[in-house]
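J.: Taken in order, these protein sequences are the chains called A and B. Under this note's numbering, think of the first position of the first sequence as 1, with each following residue one higher. Under this note's numbering, think of the first position of the second sequence as 1, with each following residue one higher.
No lab work stands behind these hints: they were computed from the structure. The reader is advised that the hints may include incorrect statements.
Partner residues aside, some chain A positions facing chain B, computed with beta carbon under 10 Å [stated by the list, open to error]: (1) Ile99; (2) Gly146; (3) Ala315; (4) Leu317.
Where a beta carbon is used, it is the ideal one built from N, C-alpha and C, also for glycine.
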Amino acid sequence: MDRLDPLLARTLARRRLLATGALGLAAGGTALAQSGKVAQLLMAGGPEQRPLTSVFPGKGEMILQRNRPPLLETPMSVFDQGVFTPNDRFFVRWHWSDIPLDVDAEAFRLTITGGKQPVSLSLPEILKLPRISYAAVNQCSGNSRGLFDPRVPGAQWAHGAMGNAIWEGVALKTLLDKAGIDPKAAAVRFGGLDKPLTQVDAFEKSLALDHAMDGEVMVAFAMNGEQLPLLNGFPLRLIVPGWYSTYWVKSLNHIDLLAGKDTNYWMAKAYQIPDTPNADVPPGTTEFPKTPISAMNVRSWITSTEPGAKVPIAASLPVRGVAMGGDTGVKRVEVSADGGKSWHDAKLGPDQGRYGFRRFETQVAIAARGPVRLMSRCTSSSGQVQPMKANWNPGGYMRNCVEPCPIEIV
Amino acid sequence: MSRVSLTVTALLLLTGCQAQPSAEQPASEPQSFAALTRIETSRIELPADEETFGQGTHADLLNRSCLACHSTSMVRYQPPLTRKQWTATVTKMRDAYGAPFEAEETEAIVDALMATAPAKK
Numbered sequence: 001m002d003r004l005d006p007l008l009a010r011t012l013a014r015r016r017l018l019a020t021g022a023l024g025l026a027a028g029g030t031a032l033a034q035s036g037k038v039a040q041l042l043m044a045g046g047p048e049q050r051p052l053t054s055v056f057p058g059k060g061e062m063i064l065q066r067n068r069p070p071l072l073e074t075p076m077s078v079f080d081q082g083v084f085t086p087n088d089r090f091f092v093r094w095h096w097s098d099i100p101l102d103v104d105a106e107a108f109r110l111t112i113t114g115g116k117q118p119v120s121l122s123l124p125e126i127l128k129l130p131r132i133s134y135a136a137v138n139q140c141s142g143n144s145r146g147l148f149d150p151r152v153p154g155a156q157w158a159h160g161a162m163g164n165a166i167w168e169g170v171a172l173k174t175l176l177d178k179a180g181i182d183p184k185a186a187a188v189r190f191g192g193l194d195k196p197l198t199q200v201d202a203f204e205k206s207l208a209l210d211h212a213m214d215g216e217v218m219v220a221f222a223m224n225g226e227q228l229p230l231l232n233g234f235p236l237r238l239i240v241p242g243w244y245s246t247y248w249v250k251s252l253n254h255i256d257l258l259a260g261k262d263t264n265y266w267m268a269k270a271y272q273i274p275d276t277p278n279a280d281v282p283p284g285t286t287e288f289p290k291t292p293i294s295a296m297n298v299r300s301w302i303t304s305t306e307p308g309a310k311v312p313i314a315a316s317l318p319v320r321g322v323a324m325g326g327d328t329g330v331k332r333v334e335v336s337a338d339g340g341k342s343w344h345d346a347k348l349g350p351d352q353g354r355y356g357f358r359r360f361e362t363q364v365a366i367a368a369r370g371p372v373r374l375m376s377r378c379t380s381s382s383g384q385v386q387p388m389k390a391n392w393n394p395g396g397y398m399r400n401c402v403e404p405c406p407i408e409i410v
Numbered sequence: 001m002s003r004v005s006l007t008v009t010a011l012l013l014l015t016g017c018q019a020q021p022s023a024e025q026p027a028s029e030p031q032s033f034a035a036l037t038r039i040e041t042s043r044i045e046l047p048a049d050e051e052t053f054g055q056g057t058h059a060d061l062l063n064r065s066c067l068a069c070h071s072t073s074m075v076r077y078q079p080p081l082t083r084k085q086w087t088a089t090v091t092k093m094r095d096a097y098g099a100p101f102e103a104e105e106t107e108a109i110v111d112a113l114m115a116t117a118p119a120k121k
């Protein structure tokens with residue numbers, strides 16, 4: 001029976017309980033919430049409060065969504081500070097409890113199997129290969145899931161399960177060419193150092209061979225000029241620009257060329273979306289044709305003002321934010337200060353490449369004190385426009401509607 | 001807005017990179033950082049996660065069924081969920097992720113979750 005290893009899991013659970021004493025800590029009194037600072041997230045029906053924590057190694061202040069395995073969300077104010085997300089504020093998401101915490105750079109090997117010959121590469125060998133580098137947004141498939149209405153189960157992210165970095169590494173194609181591609185190869189599967197505690201499929205993802213060989217998909221060793229933090233996938237991470245983060249396998253140590261379609265749980269069952277435009281189905285729908293999630297969609301966020309902010313009256317209000325085209329660039333960002341009745345074009349910041357964030361800024365005229373409903377709306381270079389109405393699916397995936405930012409002029 | 005001034009061309013020169021920019025390449029004019037020359041061993045310790053659901057019949061059941069794989073916060077931050085949604089979640093935890101409980105315990109775990117998490121009654 002390979003479904004689970006109940007003995008191992010029970011032993012681990014018991015060991016944890018013994019370690020914390022018979023009483024344990026009462027739920028709600030987490031030892032991690034040391035600062036006492038709290039993030040207030042706008043989620044209908046709650047719970048809306050999360051601790052802000054700075055106790056994770058290599059990380060500054062983050063929204064604590066889950067202690068173990070860590071789910072750490074980037075506060076929106078970070079995105080107002082620059083087009084690139086600093087490594088120490090970059091969001092963290094792991095599936096399995098057993099995550100790599102100690103990786104020996106000399107002993108580490110990346111292996112490739114299923115090609116014409118097996119390949120095993122050390123990190124110094126990988127550093128000597130031809131490099132590529134580009135900016136790309138890394139966004140969780142379930143970013144903004146907590147804003148779904150009606151609400152859905154899963155990690156209750158606000159908008160901060162995303163970040164934009166310059167990634168540097170080796171094109172996956174360069175590595176696969178070293179292995180030699182068999183004519184029968186159809187897909188490429190990627191696995192990392194994280195492991196389930198139970199006897200179930202490891203977290204592995206795969207890409208079609210053509211996609212894997214496009215010259216853009218990268219095995220990255222650097223993020224914003226530094227080696228990857230352990231919590232973001234040290235020492236190597238797959239970068240699939242334009243696609244959701246679920247494919248960006250962390251602590252990548254194994255690549256396997258497959259002759260057929262990948263049937264493992266994480267491709268065949270998990271991260272499935274409705275096969276409809278924008279993964280949208282009527283709320284409550286559970287049965288629909290499914291397909292694995294893939295390319296991201298167009299989005300934008302106002303970062304200069306928090307929803308609910310009270311802003312002193314002035315003739316005009318500066319509005320800034322970040323936008324992304326999905327798997328293509330940003331053509332245009334419009335801003336509204338009247339809840340979407342009228343729009344005007346914001347000024348776009350420098351183009352950092354089609355897969356990165358693009359900053360925008362503008363001034364909106366303020367007529368009087370009272371509530372103002374700010375909004376931003378991005379049009380991608382392929383003509384995709386953010387919809388006013390939110391999509392819905394039971395997985396809480398691919399939200400990309402225009403996000404209102406209600407403030408009050410006082 | 002520019003935090004570093006290297007252009008992608010300079011980066012390519014520095015690294016001896018053989019890849020040539022083309023119309024297909026994603027980066028048009030990215031800000032960039034100095035090329036990485038060395039990768040050092042990395043080691044961290046995560047903060048302790050000692051929180052349990054407390055004591056009592058419900059808490060005991062959740063402590064031994066859920067906490068091997070994840071902390072209490074995964075449960076506590078869920079939105080108000082219906083019994084049907086919790087049942088689907090608990091079933092997935094066992095069938096797909098190998099959570100350490102028997103199928104017959106599913107209903108008792110859902111009862112415990114409905115009583116503990118912000119459930120929709």
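J.: If a hint holds in the structure, say so; if it doesn't, say that too.
T.: The hints, checked one at a time:
1. Because the smallest distance between the Cβ of A:Ile99 and any Cβ of chain B comes to about 8 Å, under 10 Å, the interface hint for this residue holds.
2. A hinted interface residue such as A:Gly146 counts as satisfied when its beta carbon comes closer than 10 Å to some beta carbon of chain B; here the least separation is about 7 Å, so the hint holds.
3. Using the Cβ-Cβ criterion of 10 Å, the hint placing A:Ala315 at the interface with chain B is not satisfied: the shortest such distance is roughly 25 Å.
4. Nearest Cβ of chain B to the Cβ of A:Leu317: about 20 Å, over the 10 Å cut. The hint is violated.
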